[in-house]
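Could you build the full structure based on these sequences and the hints that come with them?
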Amino acid sequence: MENLHFELPGQRVPSRFDAVLVGVVGSGNLEVMLEPGSDPAHCTFAIHTSARGFGPIWEAVVRNFQNQHGLGGVVVSINDMGATPAVVSLRLDQAVASLPDAGGAQI
Amino acid sequence: MNAHTSFAELSARQRVQAMVDVGTFKEFLGPSQRVVSPHLAALGVPYAFDDGAVIGSGTLNANAVLIAAQEGEFMGGGVGEVHGAKLTGLFRRALRDRPAAVLVLAESGGVRLHEANAGLIAVSEVMRALLDVRAAGIPVLMLIGGANGCFGGMGLIAGCADFVVMSDAARMSMSGPEVIESSHGVEEFDARDRALVWRTTGGKHRYLMGDCDRLVEDDVAAFRSAALDLLGQCKQPGAKQPMTLESLRQAHARLQERIENVGDCKDATDIWQRLGVAHPERVGDMEAAEIQALVAREQA
Amino acid sequence: MNWNDLCLALFGPAHGIVRDGDVILGTGQIDPEGRHQEPLTVTVVGTTDHAPIGVETALAQAAVVLDTIEHHPGRPILLLVDTQGQRLRHRDELLCINRYMAHLGCCVDLARRRGHRVIGLVYDQALSGGFITSGLMADACYALPEAEIRVMRLPAMSRVTKISEDVLEQLSQSNPVFAPGVSNYVAMGGIEAIWRDDLRQCLRDALQNPNVQDLRAEHGAARGGRALAADIVQRVLAA
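Heads up: the protein sequence lines correspond to chains A, B and C, in order. Residue 72 in our numbering is what sits at position 72 of the first sequence, and the numbering runs on without skipping anything. Residue 1156 in our numbering is what sits at position 156 of the second sequence, and the numbering runs on without skipping anything. Residue 2097 in our numbering is what sits at position 97 of the third sequence, and the numbering runs on without skipping anything.
Hints were generated in silico from the structure; no laboratory data involved. All C-beta atoms, glycine included, are put in the ideal place defined by N, C-alpha and C.
If you anchor each label on the Cβ, the simulated ranges turn out as follows: (1) Ala1064/B - Pro36/A: 25 to 31 Å; (2) Ala1253/B - Gln2173/C: 43 to 49 Å; (3) Asn2002/C - Ala46/A: 54 to 60 Å; (4) Ala1253/B - Val87/A: 51 to 57 Å; (5) Ser1183/B - Val87/A: 33 to 39 Å; (6) Ala60/A - Gly1185/B: 45 to 51 Å; (7) Gly70/A - Ala1293/B: 56 to 62 Å; (8) Pro2155/C - Arg63/A: 41 to 47 Å; (9) Ser1225/B - Pro2039/C: 56 to 62 Å; (10) Glu1009/B - Gly70/A: 31 to 37 Å; (11) Ser1006/B - Ala46/A: 31 to 37 Å; (12) Asp1021/B - Asp2020/C: 52 to 58 Å.
Only pairs whose alpha carbons sit at most 25 Å apart, straight line, appear in this in silico SDA-like list of lysine to any residue: (13) Lys2162/C - Glu2/A; (14) Lys2162/C - Ala1041/B; (15) Lys1026/B - Phe17/A; (16) Lys2162/C - Gly1044/B; (17) Lys2162/C - Gly53/A.
Spelled out as structure tokens, the structure:
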């Protein structure tokens, strides 16, 4: 297993929300949970993955995500079983779309 | 919701939301609690924040229910220490809260092999807790609609429930066909013959044999409707009795008769023929409603 | 230990337990206090020769339990476990083996609710479903020291989990979650205790244990083999 942690600056703090979860931890898949974080100027990413040695790729994916969304005051937690970067990006986007701000339903 | 939403294609989490009245689901030990398996990391397998079991309370047409759903995509829905304890806790809570019913949306291969011993004991604890709930007169409904089916220890648990609802997308039994083929060869059970697999353990066959109480299309609304119908049945005066010696004697007699009547049949189509189904070869193509019309079922 | 030697050790040469195929059944008498008291008759039912549990085997055992409930109120029941788990045949799957096995479990459960003390004893092997619906449904399940309890044989487990047999073998030695030894199951709460030496006394003690609640998770926590389960149940109650 590999555990990765990133903290990236961001300004867009979502309105108050309860934790949202998208995806499932199946082969080639991942679950992404968004929770309110204590630091409004950063988005933190905690990644728990069975695919080892892909640190730089994870970093690229989360940086790309932050470039798009610029979230602050959010904790992103991921449990991953070997998803491709494309699937990871998709789930991250789905997670953001689930936030009340985006009109998404809480799950 | 769409006119037709596949139950099989939804995640456990989505199924729960779709089953209960909108906005009524309150999750217990949800993902942000991070109650994860302590055993998986050592095997290089990632945990899930809910350990593949979604549990909580909600209402079904204003009837208070406790509900659980197993995520078939995570570890095949297998029951590990945490997952099992969540289910056991839900049944124990039912004894205290006395809901109108406990609904289990089961999709599982049984004991989670990655947690071996812990999973085995966990399944037993769930079974005991379920039977306590039954003994207290609270109906337990198993809704089986996932592609992974309901096998092994969860198949045993299904056998202990008051009611079983299945779609033909689902299967219920003890062993998967691959396990049987590995043990005794492809002549014993060809796991790649999907039609054979579904004839043997799928919803239509189970319904025709009386091993499930309702057969529905692979549709969320149909599952919900069946659950409501069964709940309504349970509320009739004198409808639901905890297990008694008499009811187990009756069940025993039926199980004995089954062996005598169809125990020598080589295939499900032979059984259906003996049960009086006019065109057994058409069963595979028939809709759930047509199958239900085939068999006059005496109310349990 | 051979089933007959076991029955001799527990009940003496006058025991009335016989073998019918894979099923063993009958009654034995035990002197409950070790002194000159009314001997206690115990129903004995179970399997031998690592029996695969098929529809007939499950039903035959259930019949013994139901007969005891119906004709011998309060009589203790001893479940003797030696099984390789569910029968792996198309026919049993076709006939809905999970119903038959669950039925046995439900009969055992009813016996307990009707006040019959039900004791399980793994005297050789116990695998998965065959164990869940018999020994693990008892008020308490015990084991002989040399017995083994498994979920699945390693080759099949390897195929399903995609973990190599070597790794599984190693885990079976080192990791309590995988080790098949019964002392491990005691630590996890699944087995109440191991029966050694004076088996008759072990049975007497088991019969005297009044507990009817499922405390296995609490035992697993107290004994250190299963740390989380009991606490999670409490958290669900409190949620």
